Structure formats: structure tokens, C-alpha cells
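Chemist: Chains as they are written, first to last, in our numbering: chain A, 1 to 221; chain B, 1 to 203.
In case anyone wonders, no lab produced these hints; they're calculated from the structure.
Note that the structure is a prediction, hence the values are computed from the model and not measured.
Treat the hints with care, since some could be wrong.
Here are a few chain B residues that sit away from chain A, every Cβ distance over 12 Å (derived from the structure) [what the hints assert, rightly or not]: (1) D62; (2) N68; (3) E76; (4) Y83; (5) A120; (6) L173; (7) V193.
Okay, the calculated bits of chain A under chain B, using three or more residues with CB under 8 Å as the criterion [claimed, not checked]: (8) 12-19; (9) 68-80; (10) 206-220.
Note that the Cβ used here is the ideal one computed from N, Cα and C, for glycine as well.
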Amino acid sequence: MTYLSFVKYECLALYRNKQNLFNALLFFVMVSLLFPLGVSSEEAFLAPAAGGIIWCATLLAVLMVVDGLFKNDFHDGGIEQLAVSGLSFAWLMLLKVMIHWLATIGPLLLITPLLGYMLFLPTDSLVVVLLSLLFGSPSLFLIGSIVAGLTLTLRQSALLMLVLILPFYLPVLVFATGAIKAQQAGLDPSAPLAILLAIFFLSLAISPLLTAISLRASLAS
Amino acid sequence: MQSPTSLTLKNVSLERAERSLCEGFCLTIQASEAVRVVGENGAGKSSLLKAILGLIRLREGDIEYCSNHHMLSREEMLKQTLYIGHSAGLKPTLTVEESLRYYAPSASSAQIKSALGIFALAEFVHSPIKKLSAGQVRKVALCRLCLSQKTLWLLDEPYTALDIQAIEALENLMQQHLINGGILLLTSHQAPVSFKPRQVELS
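With the rest of the complex left out, here is chain A (with noise of 0.2 Å):
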């Protein structure tokens, strides 16, 4: 096995997988959906809460992914061939984490242009909404993979996970609708921002490591 194969066959089955995507994808718009249905369809309150409920939703339907990123490969023996490849396991893992990253935060950048016009999200703050959830999103996979590594061979992972995943999740949350609110405000949104890039780069350093740590504990056990 090589880096350049694992890449290639990865993203070859993540395609074959789709419906997995589609249905975070569909999960993204729904949730956002319900807040004009159930709450208010009126712009005095959509427009102000529309990079909330998008980020909202966004947070939602990324636990989804990071629930079921190693699972299938743990059960058919395929982590385990690869803690065993004699490639380094933490880039590994690194590279399988951007690949799911790039498949589902790419359809769901492509969609929020149109989630924000039926928000009446200002045409101004969807750069903001797009660059928050550029910045911030990776950070939601790289922390995601740690626990999701962590709790593989829990019985049961989903509420577990939930407890100790969301209390990392709720800086990115807060920087990234503070950048919005901020803008919004008419203020400048660059400095949540860049907390932003700067808790990417830091799940980026410590991620890779600790998510094959978490994924050899689960596969020791």
C-alpha cells in the first residue's frame, strides 16, 4: 500500500457510499428548514439568525459523519491493515479525515448560498457565513476523528460521544456566529475569524496524533 493508493481507493469507495453524504447533505438543508416552518418566516427575525441556524445545522449534520468515519473500516479488518501498512498511521488517518471533510463540506458550502437567500441572509454576510464555515469546519472533523476513534468499540458510542465531543464544539460555534454577529453589528469580523484558523491549526497538529492513538487503544482492546 502507498499513500498515493490509499487516497485514491478511499475516496473510490467513499463515492460508491454516496447516500451516506446525501443524507448529511439532506440533513443540513432540513434542519434549516424547520427554523422558518416552526419558528417565524418573517425577515425582521430570519435575517439575523440565519448564520446561527446555518452553523447550527452544520454542526449537526458534521456529528453525523464523524460518527460512521472509521466504523466500517474497523469492522472489515481495513484499520487494522493499515496500523500495520508500515505508513505512518497518523497521516493516514490525516488524509482520510481531509478526503471526508472535502466530501461533505463541499456540497454543503455549494448549497449555502442558497440556504442564505431563503433566510434572507444580507448578501454581505454570506462571505463571513462561507469563510466561518471554511476556517471553522475542519477543526469540527479533526476533533470529531479523536473521539470518534475513541469510542469504536463502545457499544453504545452515539450519546457518549455526543458528551465529550460537543464541549470542543461549542468554541468553534461561538467564534464563528460571533464573526457573523459581528459583521452583522457592523464591525470587523477578522479577528473572531482568525480564532478560528487558529483552533484549525491547532486540531490540525494535535488531531492526527491523537486519533491514532484513540484508533491502536480501540484496536488493542
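Please arrange chain B on chain A, whose structure you already have, making use of the hints.
Modeler: Positioned in the frame of chain A, the structure of chain B alone reads:
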């Protein structure tokens, strides 16, 4: 004098779920040598293989792998190792050919064809793994033995779910591997018919 390639287990002690599996286990395998680990169910045969691969931590002892009189690190050892465990490690949605290319990207189409021919899988080249039977999936995993040039083979119950022809083909491959100077460590309840590996008991 030591042969150029060897795998040495020194005083290995293993435990699983607070239960001691083996104490002070010693074993040296030289090039062109085959060792079959036997023991009851739960004696720790699979765990021993996993410990050699670094998947399970040793409680005590050392595992050394030498190649050309140099001791190699675990990572270098893994590059020369082919492990086939209980699960085949094949993605259900990929086809047979894609699964083999995933593990052996440099193999040519002719090589893949001949490997599948050995295990009578030629007609399934383009079938997805999920459409195959348990024995066929096993055979696809074993095709990796023909496609990669690894020195150290660790096979965990390779005979499971195989038919008689496949067992014969597998034993031919193992013998060829030994002639080429490889090392073979397998766990199996069934003794190979066509050659006699050294037998080591785990208790």
C-alpha cells in the same frame, strides 16, 4: 552464524483482559523457515501475532526482526510484513481488482489476473467484494500473498472457509515463499499437508 533474516521473540509475556496468555515465550524463526503456532481456542495465538505487529503491547520481553544482519525498527519491519488476520480488510464496495490494487498498487493487470487464477477467482475480477461468499473473500485476501514481495508472512488461521483446491494453492504459495527465503508464521488448527512446519505450542 545467524542467517540474514530472522524474527526473534525473547521472553515474551502477554496478557489479555487481566488474564495471562503466555509467560516467557521464546522463539527464533530463520529465513526459509515456517513455524505453526498451535494451542486451544483462547490460548493467545492471534494475540501473539498481533503483539509481533505492535497492535497489542507486550507485558514483558522483546521482539527483534533482523534483515541483512541489521536490526530493524518496528516500522521498517512492518514494511516487510504481510499480515492476514481474521477479517480480510477489504472494503465491501470495491471490486476484487480494485481491492488488490489498493494493497498492491504497482501490480500489473497480468499479475493480478494470474493471482486470481491461482485461487480460481478469475471470473470475479469486476465483482464487488460484498457480492462474494465468505470463502471467496478470504481467497481475495490471500491473493495479496502472490502480489507483494514481503519477507515476513504472518497468517492467522489462513485455512478458514477455504475449499480443498484453495488450500492446495495456498500451500504451494507458502512453500514457494520459503524457497525464496521468506519467513512464515501461521496459526492453524489444521496441519499443512504438503510440508511440515516447526510446531510451537502455546499453553
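Chemist: Now look at each hint and say whether the structure bears it out.
Modeler: So, going through the hints one by one against the coordinates:
{"no.": "1", "hint": "D62", "verdict": "18 Å, holds"}
{"no.": "2", "hint": "N68", "verdict": "17 Å, holds"}
{"no.": "3", "hint": "E76", "verdict": "8 Å, violated"}
{"no.": "4", "hint": "Y83", "verdict": "5 Å, violated"}
{"no.": "5", "hint": "A120", "verdict": "23 Å, holds"}
{"no.": "6", "hint": "L173", "verdict": "19 Å, holds"}
{"no.": "7", "hint": "V193", "verdict": "27 Å, holds"}
{"no.": "8", "hint": "12-19", "verdict": "holds (count 4)"}
{"no.": "9", "hint": "68-80", "verdict": "holds (count 7)"}
{"no.": "10", "hint": "206-220", "verdict": "holds (count 3)"}
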